[in-house]
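Asker: Hey, can you work out the whole structure from these sequences and the hints?
Just so you know, the sequences run in chain order A and B.
When we follow full-length UniProt numbering, the leftmost residue of the first sequence carries the number 1, and every step to the right adds one.
When we follow full-length UniProt numbering, the leftmost residue of the second sequence carries the number 1, and every step to the right adds one.
No lab work stands behind these hints: they were computed from the structure.
In this text the structure is predicted, and so the values were computed from the model without any measurement.
Certain hints may be false.
What the hints assert, rightly or not - If you anchor each label on the Cβ, the simulated ranges turn out as follows:
no., chain 1, residue 1, chain 2, residue 2, range
1, A, S79, B, Y244, 29 to 35 Å
2, B, E5, A, G83, 16 to 22 Å
3, B, G58, A, S4, 49 to 55 Å
4, A, T8, B, T133, 37 to 43 Å
5, A, H106, B, A243, 25 to 31 Å
Note that the Cβ used here is the ideal one computed from N, Cα and C, for glycine as well.
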Amino acid sequence: MELSDSRTIDAPREMVWQALLDKDVLKNAVPGCQEMSGSPEEGFEAVVVQKVGPVKATFKGAVTLEDMNEPESLTISGSGKGGAAGFAKGGAKVRLEDDNGQTVLHYDVEAKVGGKLAQLGSRIIDGFAKKMADQFFTNFQEALEGPAEQEPDAEVADGAETGEKKKGWFRRMVSS
Amino acid sequence: MHNFEFVKPGTVADAVAALKGDEAQALGGGQTLLPTMKQRLAAPETLVALSGVDEMKGICKDDEGRLCIGGGTTHAAVAADGSYPALSAMASHIGDPAVRNRGTIGGSLANNDPAACYPSAVLASGATVTTNTREIAADDYFQGMFSTALEEGEIITEVKFPIPEKANYQKFVQPASRFALVGVFVAKFADGVRVAITGASEEGVFRWTEAEEALSANFSPAALDSLSVSGEGMISDLHGTGAYRAHLIKVMTGRAVSAAA
Numbered sequence: 001m002e003l004s005d006s007r008t009i010d011a012p013r014e015m016v017w018q019a020l021l022d023k024d025v026l027k028n029a030v031p032g033c034q035e036m037s038g039s040p041e042e043g044f045e046a047v048v049v050q051k052v053g054p055v056k057a058t059f060k061g062a063v064t065l066e067d068m069n070e071p072e073s074l075t076i077s078g079s080g081k082g083g084a085a086g087f088a089k090g091g092a093k094v095r096l097e098d099d100n101g102q103t104v105l106h107y108d109v110e111a112k113v114g115g116k117l118a119q120l121g122s123r124i125i126d127g128f129a130k131k132m133a134d135q136f137f138t139n140f141q142e143a144l145e146g147p148a149e150q151e152p153d154a155e156v157a158d159g160a161e162t163g164e165k166k167k168g169w170f171r172r173m174v175s176s
Numbered sequence: 001m002h003n004f005e006f007v008k009p010g011t012v013a014d015a016v017a018a019l020k021g022d023e024a025q026a027l028g029g030g031q032t033l034l035p036t037m038k039q040r041l042a043a044p045e046t047l048v049a050l051s052g053v054d055e056m057k058g059i060c061k062d063d064e065g066r067l068c069i070g071g072g073t074t075h076a077a078v079a080a081d082g083s084y085p086a087l088s089a090m091a092s093h094i095g096d097p098a099v100r101n102r103g104t105i106g107g108s109l110a111n112n113d114p115a116a117c118y119p120s121a122v123l124a125s126g127a128t129v130t131t132n133t134r135e136i137a138a139d140d141y142f143q144g145m146f147s148t149a150l151e152e153g154e155i156i157t158e159v160k161f162p163i164p165e166k167a168n169y170q171k172f173v174q175p176a177s178r179f180a181l182v183g184v185f186v187a188k189f190a191d192g193v194r195v196a197i198t199g200a201s202e203e204g205v206f207r208w209t210e211a212e213e214a215l216s217a218n219f220s221p222a223a224l225d226s227l228s229v230s231g232e233g234m235i236s237d238l239h240g241t242g243a244y245r246a247h248l249i250k251v252m253t254g255r256a257v258s259a260a261a
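Answerer: Right under this line is the structure:
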């Protein structure tokens, strides 16, 4: 399964790059991630729980960051074993483009599954992988920009308090 | 299969209480869950069988003329009922006799397999899914493959179908499983036509709104002539590409309209 897409993130390229290397950002962005430890240099260990219909699998695996070309491009790859369910691995080539203070994030994702998951689930794997990739980058974007949808009331209250647009948690952290 | 606890409550209230336990899982007819557990792809600690809850079984009509089917009602019982002929015909072709005599409407809807038959009937009929806590309109219930509006531990107690003037379900079967490679449920009501497609999209069941508009103006297969469906976002597997499934949507919709008219 392969897919390519891009999205514009309202944050400077340097900040997007920092977020890509941040353990907590990755943990929040990987759908179903329960634990994430390690460092960008040595790689991360992750525990991911996924539920698709009746199937529930816990994947233990490694996430590595490679081909790092700061602040333009890198490859995020991960692979994990899900016990009886089989294994899953996937990678995303990410390219960051500066666009007047915003960042265009291009990604090419490749995903593979094996074992019983692949045997029994061939008709749903592509759709599921797309959904996961989309969720990952949506979560990532929200860490930098704040949630896409906000309660109108909450926004008004926030604006009155801070006098500015609500920021994503990663942006708040690095700019404070 | 891993070990698990088995409980069989007799009321909805007891079932809801039993599902509050850690890693508890509701069991309908077990036609999806049990094979999954045998493959060790799921290992719930407690199975809460809903088959002992008599208040969730049976078929009746309410004051508004809707067909009300208990969540624990088997496909075979719906097939035998006949008061919503297109729905009974659909139920009579799900899986095989074992699936039809064990599998339940509530189980099928809670699982929301992207190729299951029932979701298309519920969506095309504009049915209402009733749970132990609330009523959910079909348009709000289905949220992508294997995703529904149900909360953790929520049980489908009943599904209420308005009965259309005309309706038909056409399924292009995946011959091994009898799941829908593409299934189309067309329902014509006094105020318009609804068309729901299962088996085709990676997002699960969906309404084909262009066809609904065309058929609401002119309920005949010819109304579909100028329409086409893109293969984008359609399921591709060894049984058929996305483009093939997209093509089947139009063909099967035409057949359903012919059969219903």
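Asker: Indicate, hint by hint, whether the structure satisfies it.
Answerer: Evaluation of the provided hints:
At about 32 Å, the CB distance of S79 (chain A) to Y244 (chain B) agrees with the hint of 29 to 35 Å. The supplied range of 16 to 22 Å is met by E5 (chain B) and G83 (chain A), whose beta-carbon atoms lie about 21 Å from each other. Distance hint check: the CB atoms of G58 (chain B) and S4 (chain A) are about 51 Å apart, consistent with the given range 49 to 55 Å. Our hint of 37 to 43 Å for T8 (chain A) and T133 (chain B) holds, since their Cβ atoms are close to 40 Å apart.
The hinted range of 25 to 31 Å is satisfied by H106 (chain A) and A243 (chain B), whose Cβ atoms lie roughly 26 Å apart.
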